[in-house]
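The hints should help you fit chain H onto chain F, whose structure is shown.
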Amino acid sequence: MTSAREPNAKRVALVIGSGAVKCAAALGLWKVLIREGIVIDMLVGCSGGSLFATTMALGYDIDDCIEKTRRLWNREITAKRHLPSLLRAILPRLFKFDERFGMLDDGPMLRSLTSAFGEQTFADVRTRLYIVATDFHDGEQVVFSEGRLLDAIRASIAIPYIWPPWQVGDRLLVDGALSSPMPVEVAIKEGADIILAMGLQSPYPRKVKSVSRFAFQVNSIMTNNLFKANYAFHNLAHHAEIIPILPEFEKPISLFDTDQFPYVIAQGERAIEAQMPYLRRLLAAPL
Amino acid sequence: MEITVKQLNQTSVVSMMGSLDALTADEVTRFLSAQIGSGQKQIVADLSQVDFVSSAGLRAILAALKESRQQGGDLRIAAAQPGVEKILKMSGFTSILKDYPTVDEAVTSFGS
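Note that the protein sequences, when read in sequence, are chains F and H. The numbering of the first sequence is my numbering, which starts it at 1 and goes up by one. The numbering of the second sequence is my numbering, which starts it at 1 and goes up by one.
Isolated chain F, as found in the complex:
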């Protein structure tokens, strides 16, 4: 799905925000766009969305995208606790607590990412790709458009408390959702005229019975409010047309429910089908 546009055609961006397995809904959206012959000029991914944005940008077909993300995102990547971090949390002075804290060992995740992307870089993508992370030291958004894909994704999905931050160059990076859970501003800045924005707010745990659930609850509260604040600003600040694509899920989808991919993808298809009449008219209308 390369960007071979006719002159004056509107530039279409797909922004896939955070949402773990639910981000697979973007594949359903993409399936419909391919059917309709609508070219995506750029992909922007954040947190879980970065995985799907990257596989799509590399030009894999839907089935390959599903297979790759299923291998990347599963319970095995959370199987191993990071004992040094846990010791540092309990006895910070003795074990020298530092900013590279994460309750889980990122070894399994790194092996998955290496297996999927190896040394591929942004130069290997067929569709312009931007991946968003957050600088741990100053909170600023960091947008990757060059370098290794593995580094960008590992940084973007560095969920605080869960996985350690990731160093790229001289920056220590964490989850892109901490600066912008649905980074439509990247698409605006890069000149998109129409932005399909798939954003999923963080769920709230049903029961808070552990430190990690407590941390997740607090994280969800803050990122959801940030989501709304950013969305409000970017909708109003610019003339680009932002079309929210909001898949509905009638059943709970947990962080690693990759067996729900078919359902999630179907919901993504439904969500974009509802907007297709408008999208066709919008693409046909003069600039």
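Worth flagging that the hints you see were computed from the coordinates, not collected in a lab. Possibly wrong hints are sitting among the right ones.
Unchecked claim - Now the in silico label distances, taken between C-beta atoms and shown as ranges:
1. H/Gly83 / F/Pro252: 15 to 23 Å
2. F/Pro108 / H/Thr108: 54 to 62 Å
3. F/Glu250 / H/Leu8: 34 to 42 Å
4. F/Tyr60 / H/Thr108: 53 to 61 Å
5. H/Pro82 / F/Ala9: 29 to 37 Å
6. F/Ala9 / H/Lys6: 36 to 44 Å
7. H/Thr108 / F/Met222: 34 to 42 Å
8. H/Lys6 / F/Tyr204: 39 to 47 Å
9. H/Thr108 / F/Arg126: 54 to 62 Å
10. F/Gly59 / H/Lys98: 42 to 50 Å
11. H/Gly83 / F/Pro108: 32 to 40 Å
12. F/Asn225 / H/Lys66: 19 to 27 Å
13. F/Asn225 / H/Gly37: 33 to 41 Å
What the hints assert, rightly or not - Coverage of chain H stretches by chain F, computed from C-beta distances (three or more under 8 Å per stretch; other residues unrestricted):
14. 15-24
15. 51-57
16. 79-92
We put the beta carbon where it would ideally sit given N, CA and C, even for glycine.
Leaving out everything else, chain H in the frame of chain F:
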């Protein structure tokens, strides 16, 4: 987009039907601005027949909200469908404007 207006007490109830988006936003903006310009400062936007709002639609609502308030009035939303209500909440609109489940409640609110 089909837009109709009726007067209830001193309030203009503006009912829109369809999608409030980049292709209809200018028309909505002109209509609401004309209402306000003709002295109708209390506006209820009846969204019961609106099935979608995009960023352009939100900007149209905001423009009318600002204009009505600058004239000493207000624009209030009524009867938004669940999908539209979700977008209004997600975009923070429900924190800056008043939103009612029915047109009657929105109209009554101008009296209180």
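Comparing the hints with the structure gives:
1. H/Gly83 / F/Pro252: 15 to 23 Å: At roughly 20 Å between Cβ atoms, F/Pro252 and H/Gly83 fall inside 15 to 23 Å, so the hint holds.
2. F/Pro108 / H/Thr108: 54 to 62 Å: holds, 59 Å
3. F/Glu250 / H/Leu8: 34 to 42 Å: holds, 38 Å
4. F/Tyr60 / H/Thr108: 53 to 61 Å: Because 56 Å falls inside the window, the suggested range holds.
5. H/Pro82 / F/Ala9: 29 to 37 Å: About 34 Å separates the Cβ atoms of H/Pro82 and F/Ala9, which means 29 to 37 Å holds.
6. F/Ala9 / H/Lys6: 36 to 44 Å: 42 Å Cβ-Cβ, so the 36 to 44 Å window holds.
7. H/Thr108 / F/Met222: 34 to 42 Å: holds, 37 Å
8. H/Lys6 / F/Tyr204: 39 to 47 Å: holds, 41 Å
9. H/Thr108 / F/Arg126: 54 to 62 Å: holds, 57 Å
10. F/Gly59 / H/Lys98: 42 to 50 Å: Holds, since F/Gly59 and H/Lys98 (Cβ atoms, about 48 Å apart) stay within the stated range.
11. H/Gly83 / F/Pro108: 32 to 40 Å: holds, 39 Å
12. F/Asn225 / H/Lys66: 19 to 27 Å: Given a distance of about 24 Å, which is inside 19 to 27 Å, the answer is holds.
13. F/Asn225 / H/Gly37: 33 to 41 Å: holds, 37 Å
14. 15-24: holds (count 4)
15. 51-57: Since 4 is at least three, the answer is holds.
16. 79-92: holds (count 7)
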